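Start from chain X and add chain Y according to the hints.
Chains X and Y, in that order, are what the protein sequence lines are.
Anchor point for the first sequence: position 19 equals 19 in our numbering, and the numbering is continuous, going up by one each time.
Count along the second sequence from 1, then add 1000; that gives the number in our numbering.
These aren't lab readings, by the way, just hints derived from the structure by calculation.
Bear in mind that the values here come from a model prediction, so they are computed numbers and not experimental data.
Result set (DSBU-like, lysine-lysine): computed pairs, CA atoms no more than 35 Å apart in a straight line:
(1) 1079(Y) / 3(X)
(2) 3(X) / 1107(Y)
(3) 1099(Y) / 1042(Y)
Far from chain X by the CB rule (all over 10 Å, computed), these chain Y residues:
(4) 1014
(5) 1015
(6) 1018
(7) 1026
(8) 1052
(9) 1053
(10) 1056
(11) 1059
(12) 1060
(13) 1070
(14) 1109
Residues from chain X that face chain Y, not an exhaustive set, calculated with beta carbons under 8 Å:
(15) 40
(16) 100
(17) 102
(18) 104
(19) 107
(20) 109
Cβ coordinates follow ideal geometry from the N, Cα and C atoms, glycine included.
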Amino acid sequence: DVKVTQSSRYLVKRTGEKVFLECVQDMDHENMFWYRQDPGLGLRLIYFSYDVKMKEKGDIPEGYSVSREKKERFSLILESASTNQTSMYLCASTGVAGDETQYFGPGTRLLVL
Amino acid sequence: EDQVTQSPEALRLQEGESSSLNCSYTVSGLRGLFWYRQDPGKGPEFLFTLYSAGEEKEKERLKATLTKKESFLHITAPKPEDSATYLCAALAFSGGYQKVTFGIGTKLQVIP
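Here chain X stands alone, though its shape is the one from the complex (with noise of 0.2 Å):
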């Protein structure tokens, strides 16, 4: 079975901190993926990562930074938090072609004050 994890499952932060949110997937995938999710608004793609040391922007990439020094590890990286970005923050990863199913953490939901 694959396996997601993501560093925290709830996290407040004040206004204007650096917030690191971490994401660790076990069965050596390729692929990689940070979303955020807000009612009525659904699934929004941040960043992505097809490969250790590359990035590529998603749709909604404005306030946010990502890293990948390893193949199981892609952090997300809010440089200086704000009350916009309060969101459930979902890491995902999918293998190679052949199996495009992204399979997703836990989820990490942050609260901006």
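Leaving out everything else, chain Y in the frame of chain X:
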């Protein structure tokens, strides 16, 4: 622009009352259609992937089907534990990368 629309937004069923959830999509070059189940406060849990029109997949009380324009998730004799939000997502390839477009989901409540 790729779009995935799910209906209804919310559905309330009595235990044992079968029904279907709809997912219609407008996607250039569909490569696959995913169904997920999501419980409150948790990440989406993978259910099915469908790759071509006419394909069907089943798991316990759930059956997913795919046509060229839409997918259905049929729930037969649902139980209260089937209560969850069901997400549909369409996979395409854009600029050499995979792109997944999600619907907003159908929130299902099954009443004992």
